[in-house]
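Peer 1: Chain by chain, the residues run as shown.
Number of protein chains: 2
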Amino acid sequence: MPLNSGQYSIAKWISILHRNGQSYVTKKLKYYNIGSGQYIILLNLYSNDGISQEKLSDYLKIDKGSIAKSIKKLEDEAYIKRIIDSDDKRAYKVFLTQKALDTMPIVQKAIESWEEVIVADLTECERQMIESLLNKIAHKAYSIHKCE
Amino acid sequence: MPLNSGQYSIAKWISILHRNGQSYVTKKLKYYNIGSGQYIILLNLYSNDGISQEKLSDYLKIDKGSIAKSIKKLEDEAYIKRIIDSDDKRAYKVFLTQKALDTMPIVQKAIESWEEVIVADLTECERQMIESLLNKIAHKAYSIHKCE
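Chains B and F, in that order, give the protein sequences.
The numbering of the first sequence is my numbering, which starts it at 1 and goes up by one.
The numbering of the second sequence is my numbering, which starts it at 1 and goes up by one.
What the hints contain is simulated information worked out from the structure, not anything from laboratory work.
Treat the numbers as computed from the prediction; the structure is a model and nothing was measured.
Be aware that one or more of the hints could be misleading.
[Stated by the list, open to error] Below, in silico cross-link-like pairs of lysine-lysine (PhoX-like), each with a Cα-Cα straight-line distance of 20 Å or less:
| id | chain 1 | residue 1 | chain 2 | residue 2 |
| --- | --- | --- | --- | --- |
| 1 | F | K12 | B | K55 |
| 2 | F | K30 | F | K72 |
| 3 | B | K69 | F | K89 |
| 4 | F | K55 | F | K89 |
| 5 | B | K61 | B | K73 |
| 6 | F | K73 | B | K64 |
| 7 | F | K61 | F | K12 |
| 8 | B | K12 | F | K89 |
| 9 | B | K28 | F | K64 |
| 10 | F | K72 | B | K12 |
| 11 | B | K73 | F | K69 |
| 12 | F | K93 | B | K64 |
Put together the whole structure using the sequences plus the hints.
Peer 2: Listed below in structure tokens is the structure:
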């Protein structure tokens, strides 16, 4: 049966862009021993410090095994600390350390650098258009998961 | 130091959309024992059957360790087979099995379903616009990696 990849080209470009972006940012952060995709966890904790490991997995849509592995590495590198949840002794809450807070501007700069490069050939109008449309479909994506 | 997340909102939406999409598609494929992100490898092999494991990692921008782990699982589930490269006895070429080829329309349908849902509220003009702009920035992203 022939496959027509044109049928899902938006999903394809998003996947390609994400993987290229993650690779670019991870390379920029290599010196800081922040491994592939781990900066996404740091960024999320910056807005949700003290979230449980399970909620982090659910919120980021990254499976629990991968989250546990990344959190272990970030803890080993002293970017995060885990504290047992006083309400549920089997669960951990995850917090950024001062080292992580000090590193956040570098993480932010690496992502900004990536974004600047990919939008370099767009007009200001096109840049605003893609940002607005991505915002719209991302919110739609969230609403689906809420209804599952 | 305050962080202004608005500075890299395109990268942020792309990352959120990719993770939500991967989670959605992986759930749809759960019955087929195709784990998180593994369908991306299958799709890529469909266009590049017989590619080396190393090239697959480079092309997909997924680190070698993660690719090796996913390929092992796909091999255990009989979706792919690895054959020693006759030109380099230390390297493997990766091929889809008949089982994988038979499953591809299901993988395709899961991705199409995801894309249909996220673009449901867009007009036809907006859909074409976002596809065209994503195509443009994805090609820009590729050109950066080529120059590194």
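Peer 1: Flag every earlier hint the structure violates by its number, smallest first.
Peer 2: 3, 8, 10, 12
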